[in-house]
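Novice: In case you want the letters, here they are:
There are 2 protein chains.
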Amino acid sequence: MASSTGDQSQMVKNGLRTKVLTLDSMNPRVQRVEYAVRGPIVQRALELEQELRQVWPRAPRCPPGHTGVAELAPAPLAHATRAEGLGRAQSACLLPSPPLPGCEEAFHRGHPCQHWGRTGYGAEAHHLPAPGAYSASSGIQLIREDVARYIERRDGGIPADPNNVFLSTGASDAIVTVLKLLVAGEGYTRTGVLIPIPQYPLYSATLAELGAVQVDYYLDEERAWALDVAELHRALCQARDHCRPRALCVINPGNPTGQVQTRECIEAVIRFAFEERLFLLADEVYQDNVYAAGSQFHSFKKVLMEMGPPYAGQQELASFHSTSKGYMGECGFRGGYVEVVNMDAAVQQQMLKLMSVRLCPPVPGQALLDLVVSPPAPTDPSFAQFQAEKQAVLAELAAKAKLTEQVFNEAPGISCNPVQGAMYSFPRVQLPLRAVERAQELGLAPDMFFCLRLLEETGICVVPGSGFGQREGTYHFRMTILPPLEKLRLLLEKLSRFHAKFTLEYS
Amino acid sequence: MASSTGDQSQMVKNGLRTKVLTLDSMNPRVQRVEYAVRGPIVQRALELEQELRQVWPRAPRCPPGHTGVAELAPAPLAHATRAEGLGRAQSACLLPSPPLPGCEEAFHRGHPCQHWGRTGYGAEAHHLPAPGAYSASSGIQLIREDVARYIERRDGGIPADPNNVFLSTGASDAIVTVLKLLVAGEGYTRTGVLIPIPQYPLYSATLAELGAVQVDYYLDEERAWALDVAELHRALCQARDHCRPRALCVINPGNPTGQVQTRECIEAVIRFAFEERLFLLADEVYQDNVYAAGSQFHSFKKVLMEMGPPYAGQQELASFHSTSKGYMGECGFRGGYVEVVNMDAAVQQQMLKLMSVRLCPPVPGQALLDLVVSPPAPTDPSFAQFQAEKQAVLAELAAKAKLTEQVFNEAPGISCNPVQGAMYSFPRVQLPLRAVERAQELGLAPDMFFCLRLLEETGICVVPGSGFGQREGTYHFRMTILPPLEKLRLLLEKLSRFHAKFTLEYS
Numbered sequence: 001m002a003s004s005t006g007d008q009s010q011m012v013k014n015g016l017r018t019k020v021l022t023l024d025s026m027n028p029r030v031q032r033v034e035y036a037v038r039g040p041i042v043q044r045a046l047e048l049e050q051e052l053r054q055v056w057p058r059a060p061r062c063p064p065g066h067t068g069v070a071e072l073a074p075a076p077l078a079h080a081t082r083a084e085g086l087g088r089a090q091s092a093c094l095l096p097s098p099p100l101p102g103c104e105e106a107f108h109r110g111h112p113c114q115h116w117g118r119t120g121y122g123a124e125a126h127h128l129p130a131p132g133a134y135s136a137s138s139g140i141q142l143i144r145e146d147v148a149r150y151i152e153r154r155d156g157g158i159p160a161d162p163n164n165v166f167l168s169t170g171a172s173d174a175i176v177t178v179l180k181l182l183v184a185g186e187g188y189t190r191t192g193v194l195i196p197i198p199q200y201p202l203y204s205a206t207l208a209e210l211g212a213v214q215v216d217y218y219l220d221e222e223r224a225w226a227l228d229v230a231e232l233h234r235a236l237c238q239a240r241d242h243c244r245p246r247a248l249c250v251i252n253p254g255n256p257t258g259q260v261q262t263r264e265c266i267e268a269v270i271r272f273a274f275e276e277r278l279f280l281l282a283d284e285v286y287q288d289n290v291y292a293a294g295s296q297f298h299s300f301k302k303v304l305m306e307m308g309p310p311y312a313g314q315q316e317l318a319s320f321h322s323t324s325k326g327y328m329g330e331c332g333f334r335g336g337y338v339e340v341v342n343m344d345a346a347v348q349q350q351m352l353k354l355m356s357v358r359l360c361p362p363v364p365g366q367a368l369l370d371l372v373v374s375p376p377a378p379t380d381p382s383f384a385q386f387q388a389e390k391q392a393v394l395a396e397l398a399a400k401a402k403l404t405e406q407v408f409n410e411a412p413g414i415s416c417n418p419v420q421g422a423m424y425s426f427p428r429v430q431l432p433l434r435a436v437e438r439a440q441e442l443g444l445a446p447d448m449f450f451c452l453r454l455l456e457e458t459g460i461c462v463v464p465g466s467g468f469g470q471r472e473g474t475y476h477f478r479m480t481i482l483p484p485l486e487k488l489r490l491l492l493e494k495l496s497r498f499h500a501k502f503t504l505e506y507s
Numbered sequence: 001m002a003s004s005t006g007d008q009s010q011m012v013k014n015g016l017r018t019k020v021l022t023l024d025s026m027n028p029r030v031q032r033v034e035y036a037v038r039g040p041i042v043q044r045a046l047e048l049e050q051e052l053r054q055v056w057p058r059a060p061r062c063p064p065g066h067t068g069v070a071e072l073a074p075a076p077l078a079h080a081t082r083a084e085g086l087g088r089a090q091s092a093c094l095l096p097s098p099p100l101p102g103c104e105e106a107f108h109r110g111h112p113c114q115h116w117g118r119t120g121y122g123a124e125a126h127h128l129p130a131p132g133a134y135s136a137s138s139g140i141q142l143i144r145e146d147v148a149r150y151i152e153r154r155d156g157g158i159p160a161d162p163n164n165v166f167l168s169t170g171a172s173d174a175i176v177t178v179l180k181l182l183v184a185g186e187g188y189t190r191t192g193v194l195i196p197i198p199q200y201p202l203y204s205a206t207l208a209e210l211g212a213v214q215v216d217y218y219l220d221e222e223r224a225w226a227l228d229v230a231e232l233h234r235a236l237c238q239a240r241d242h243c244r245p246r247a248l249c250v251i252n253p254g255n256p257t258g259q260v261q262t263r264e265c266i267e268a269v270i271r272f273a274f275e276e277r278l279f280l281l282a283d284e285v286y287q288d289n290v291y292a293a294g295s296q297f298h299s300f301k302k303v304l305m306e307m308g309p310p311y312a313g314q315q316e317l318a319s320f321h322s323t324s325k326g327y328m329g330e331c332g333f334r335g336g337y338v339e340v341v342n343m344d345a346a347v348q349q350q351m352l353k354l355m356s357v358r359l360c361p362p363v364p365g366q367a368l369l370d371l372v373v374s375p376p377a378p379t380d381p382s383f384a385q386f387q388a389e390k391q392a393v394l395a396e397l398a399a400k401a402k403l404t405e406q407v408f409n410e411a412p413g414i415s416c417n418p419v420q421g422a423m424y425s426f427p428r429v430q431l432p433l434r435a436v437e438r439a440q441e442l443g444l445a446p447d448m449f450f451c452l453r454l455l456e457e458t459g460i461c462v463v464p465g466s467g468f469g470q471r472e473g474t475y476h477f478r479m480t481i482l483p484p485l486e487k488l489r490l491l492l493e494k495l496s497r498f499h500a501k502f503t504l505e506y507s
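Sequence order for the protein chains is F and E. For the first sequence, position 115 matches number 115 in the numbering used here, and the numbering has no gaps at all. For the second sequence, position 223 matches number 223 in the numbering used here, and the numbering has no gaps at all.
Think of the hints as simulated: they come from the structure by calculation, not from any bench. Mixed in with the good hints, there may be bad ones.
Which copy is meant is left open, so a pair is good if it fits within one copy or across any two.
Stated by the list, open to error - Taking lysine-lysine pairs in the DSS-like style, the calculated list, with each CA pair at most 27 Å apart, reads: (1) K487 to K402; (2) K302 to K19; (3) K402 to K501; (4) K19 to K353.
Required output: the full structure, derived from the provided sequences and hints.
Specialist: Pasting the structure below:
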């Protein structure tokens, strides 16, 4: 046995020895992972909430995704949306538990859920597995079929094959799986992946963990965070010096930018990807969250198919969706799917194999996804109620998107693009030079310093722009539009006042 | 732009071009991943089920985890266990949906679930997040605390710190996360991980994907699959020639072996890990599944703590548990946890960061885990009913374990160790030389050939031993003990008869 070093024996003699697993010895790629959305700001917000609870035990508590202190944390969830409540009732119905004593009748008489998607208690009759059993690794076939029908309705009848739909543990799981397939090579041949800046940090975190090369392309803040193909070209050319770019990620509607891409833009991106031989990943989890007049969601799949040959039959595409967004916001169930288009059949088999190693996505999340993709049809008794609730939720989000833009743009030193879609604003803040210097002394990014001070002094929790990426010398933060309208107004005003005070303090 | 090659231009001209992502260009590590538990046999079983359904649409359907044809597929789930039903009712209660019309009363009057763990409908009062919201990435604090209390009761009062408990998406998720932390180095310094042979293929699949070195140690089939420390030494010594072994995985009770380790064995393993500086991963998901007289589950944590210094305060350990096994078998919810012991604090932070990138484990799975770790106390009204159901489930499993061993050992050419615990038998089968040769002609492992023939001719689906690993020249298969007793008897007899016929055919 050749294990012991002198060093180690000495430490053992002293009764002390280093751990097997330390920062020095652990996976260096994991160390490079960063994930601002649950980073120091959110950690600190949770600590403050704990402290608060100690002095005021009955403080109202928000779901942790929201870090209760401010109800402004990044995890999206529609606050008290009624459609959400309806969704949950549905989900409960899908659980084939023995009905609680006294509930049997309610399960069987005309509860709305019987008309929305499948009647849950009849799971057996529909050949659905019990949620307590593993499902197929690609998800329950019946739900894959419902997803395919949803995609077809969404895309004006363009066919979708259920066998190209794979259910997942939230969209994140599917995104990571597709990225895993793409990573290969070493040194100059290592896979590069183009991602937008600012981006949702799942992308940078996953690329770091996989040891792939992150290739940044910048969205144009001056044009409401539009994606510019010339910038894609620039990023690609530069990247080819040191890696092999093989994939292009697009987030539409944008997180954190709120941008909704035009059809022309999507066509140009597809043409670019085709010409440059890039696999396209379209993160479309906010497809139901479009608010701005004149903005409309166009799926990459639909645009691709309508472009015809050679694009339609050849461009490889993976499109992701989730139960965590939209008007339901059921993030805790971790439901999602990916639809792959033009993927090599053998690679698709490899993807299924990779998913199999984790057995299956959570079955309750699959059931919830089924509800998301199978809203009541016009002939269903619950149709009118559902439509009214959905419209109310979306109209309120639209009003909050508008309000956010308006209040921020009235504040000196803050500018905010229209929140065309998704659930966030990503305003730009001017930070005085002395604040930037002070941050540097503290070893903090300047916007991190600003956000920490904001949290400590107002209880408002927002995520610094540096966690998403931004042009050198600019500073931003991401804030959700989810709090109730009047509360959101107060928060926006409070934040604006804090910024003015902060600016004064460091001027 | 330096992208196009002549080759490619030619193909484009012909309207044909290779995909960006092909078997040749994809992640070679992903290609090396193998996962027999959902491999070709199970795929084929699903195809057969589909075919069957076409000719007989009302064929009874099993949860897909079970590939209905035979109800013998590897995914474990207690068949029609009553305790399971109780678990689900609990889980439904945890969903804070508005009660269905007509159910309000049942939710509030004395339904047993109100006495088992938390009353679900009162989630708000207990500061539990709604299942529709993200939880903290490490899981709901209240549930981490319940898990810690469960561990303390299990281990005779040895303290467990909730902050060392991390909830996960099934145990698989946590196992992969800990392995990710451990992988570092290149070439001769690449991390090696010792795993048992036969093993649960999550380990080999994950190590392949991470590019870590799999170091096999063989369990001793002659001694009921016992773990022998001399064999650990042999494996370690050989591995040190080509990698840096840093971790040791132990599965107890064993999957697929059914072995339950003695306390002496566990002590010896801990001493070995300590001396050789190996991080210990204890896969203890079958801790509630021990059947054999004289066998008892000892947790690695408890044994480690009772060994005192220097082990107790220094040996690094991660212990995994799941909602998918035990007497509840709620696999579709994907609940699980890891408890880490003596982990470096900075590494623990890195682990939390890694978990944060996926936001949180599914909240319904967390709720179900809470039920698993919080059974009714003796003072609860549901205590007697729960105990009776639990005992009935475990007694039936014990009877089926015994039956399996007995029927197989009566069959010529099949030998089966006692199924001391877990949910599987892993019998050894003699295969005639001509069958081995025929398999080689077909490019199949001999036991894969046997299992495929078995499936085609009897509809019985078992997984070949080659997917779990076995000594060269020996052949096995894994079969669950989950079907109802009388059905299991028929299946065991049918399988034994098929083996006799197969042997005759190739002799």
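Novice: Can you list which hints this structure breaks, lowest number first?
Specialist: none
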